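Asks: Sequence:
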Amino acid sequence: MALKARLRQHYKYFLNNFQTRWSDNDQYGHVNNAIYYHYYDTIINQYLTTRCALVPTKSPNIGLCVHSSSDYFRPVEFPNNLDLALAVTKLGKSSVTYEIGVFETGKEEVCAVGRFVHVFVDSEGRRPVTIEGLIRTGLENLVVERDEQGAKL
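First residue of the sequence shown: 1, per UniProt numbering; consecutive thereafter.
Since the hints were derived computationally from the structure, they do not count as laboratory data. Owing to the predicted nature of the structure, the values given are computational and were not obtained by experimental measurement. Ideal Cβ placement from N, Cα and C applies to all residues, glycine included. Be aware that one or more of the hints could be misleading.
Below are the SDA-like pairs computed for lysine to any residue, each with C-alpha atoms no more than 25 Å apart in a straight line [as the list claims (entries may be wrong)]: (1) K58 - H30; (2) K12 - L54; (3) K90 - D71; (4) K107 - P56; (5) K107 - S123; (6) K58 - K107; (7) K90 - Q19; (8) K107 - F73; (9) K12 - R51; (10) K90 - G133; (11) K93 - P56; (12) K90 - Q46; (13) K107 - N17; (14) K107 - Y13; (15) K90 - L142; (16) K90 - N45; (17) K12 - L91; (18) K93 - I135; (19) K12 - I35; (20) K107 - Q19; (21) K107 - S70.
Here are the in silico distance ranges between beta carbons for each label pair [unchecked claim]: (22) R74 - R126: 36 to 42 Å; (23) S69 - E109: 17 to 23 Å; (24) G133 - G106: 33 to 39 Å; (25) D26 - E132: 40 to 46 Å; (26) P60 - N33: 33 to 39 Å; (27) R126 - Q19: 32 to 38 Å; (28) N32 - K58: 31 to 37 Å; (29) L64 - R8: 34 to 40 Å; (30) R74 - R136: 30 to 36 Å; (31) P128 - S69: 20 to 26 Å; (32) N17 - R74: 16 to 22 Å.
Please construct the entire structure, taking both the sequences and the accompanying hints into account.
Replies: Next up, the structure:
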């Protein structure tokens, strides 16, 4: 099911003035759809490392992507500055569902909305673990309520 378009108010954390690169464009003159997944991964991991004390190469537990999807509303092209926005729509025992909005800097209309699901596992055995401590606290700070269509309640 496609997500409804979002506004900035639907999100709790922002990574502003993210610059597109020449290599992001495809032969059609806009950012290739696969590049959006780089944007999603960037804001999620930037948040986890700066706000949740995750150190990917040293933390005992890490998040692994088990699902991702994207809905596109407006094309973006190089050169451009983007604001990446992040919210958590579901926080379980060992998994978290993120929602990411991609906005052109200074504009209210979303260009793309992504979903990304992490399952947290122990970094050595890769078995699911309970999300605890600073990671849980940080993720709780991003939780928003959504209806079945994904609109903020």
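Asks: Next step is simple, just say for each hint if it's right about the structure.
Replies: Hint-by-hint comparison with the structure:
Straight-line distance between C-alpha atoms of K58 and H30 comes to about 37 Å, which puts the hinted pair past the 25 Å bound. A distance of roughly 19 Å separates the Cα atoms of K12 and L54; the hinted pair therefore holds under the 25 Å criterion. In summary, the hint linking K90 to D71 is supported, as the alpha carbons are separated by about 18 Å, within the 25 Å threshold. The suggested pairing of K107 with P56 is violated, with an alpha-carbon distance near 33 Å, which exceeds 25 Å.
Restraint check for K107 and S123: the C-alpha separation of about 39 Å exceeds 25 Å, so the hint is violated. At most 25 Å may separate the alpha-carbon atoms for a hinted pair to count; K58 and K107 exceed this at roughly 38 Å. A distance of roughly 29 Å separates the Cα atoms of K90 and Q19; the hinted pair therefore is violated under the 25 Å criterion. Taking the CA atoms of K107 and F73, the gap is near 13 Å; set against the 25 Å cutoff, the hint holds.
For the suggested pair K12 and R51, the alpha carbons sit about 13 Å apart, so the restraint of at most 25 Å is met. Restraint check: the Cα-Cα separation between K90 and G133 comes to about 17 Å, which is no more than 25 Å; the hinted pair holds. For a cut-off of 25 Å, the pair hint linking K93 to P56 stands: about 20 Å separates their Cα positions. Simply put, K90 and Q46 have alpha-carbon atoms about 19 Å apart, close enough for the 25 Å limit, and the pair holds.
Only pairs whose Cα atoms come within 25 Å are accepted, and K107 paired with N17 is accepted, the gap being roughly 12 Å. In summary, the hint linking K107 to Y13 is supported, as the alpha carbons are separated by about 16 Å, within the 25 Å threshold. Taken as a hint, the K90 and L142 pair is honoured in the structure, with Cα atoms around 10 Å apart against an allowance of 25 Å. Restraint check: the Cα-Cα separation between K90 and N45 comes to about 17 Å, which is no more than 25 Å; the hinted pair holds.
A hinted pair counts as satisfied when its Cα atoms are at most 25 Å apart, and K12 with L91 qualifies at roughly 15 Å. Only pairs whose Cα atoms come within 25 Å are accepted, and K93 paired with I135 is accepted, the gap being roughly 12 Å. With a C-alpha separation of about 23 Å, the suggested pair K12 and I35 falls inside the 25 Å cut-off, and the hint holds. Our distance criterion of 25 Å between C-alpha atoms is met by K107 and Q19, whose separation comes to about 15 Å.
Restraint check: the Cα-Cα separation between K107 and S70 comes to about 20 Å, which is no more than 25 Å; the hinted pair holds. Taken as a hint, the range 36 to 42 Å holds for the pair R74 and R126, whose Cβ atoms sit roughly 38 Å apart. In this structure the supplied range 17 to 23 Å holds for S69 paired with E109, their Cβ-Cβ distance being about 20 Å. For G133 and G106, the hinted distance range of 33 to 39 Å is satisfied, since their beta carbons lie about 37 Å from each other.
Between D26 and E132 the C-beta distance comes to about 41 Å, which sits within the given range of 40 to 46 Å. Distance hint check for P60 and N33: the Cβ-Cβ separation is about 35 Å, which falls inside the suggested range of 33 to 39 Å. About 34 Å separates the C-beta atoms of R126 and Q19, a value consistent with the hinted range of 32 to 38 Å. N32 and K58 have their C-beta atoms about 33 Å apart, which keeps the hinted 31 to 37 Å range intact.
Checking the proposed 34 to 40 Å range against L64 and R8 shows it is violated: the Cβ atoms sit about 29 Å from each other. The given range of 30 to 36 Å is respected by R74 and R136, whose C-beta atoms sit roughly 34 Å from each other. Separated by about 21 Å at the C-beta atoms, P128 and S69 satisfy the suggested range of 20 to 26 Å. Checked against the hint of 16 to 22 Å, the C-beta distance between N17 and R74 comes to roughly 18 Å, which is consistent with it.
Against the hints set out earlier in the document, violations occur for numbers 1, 4, 5, 6, 7, 29.
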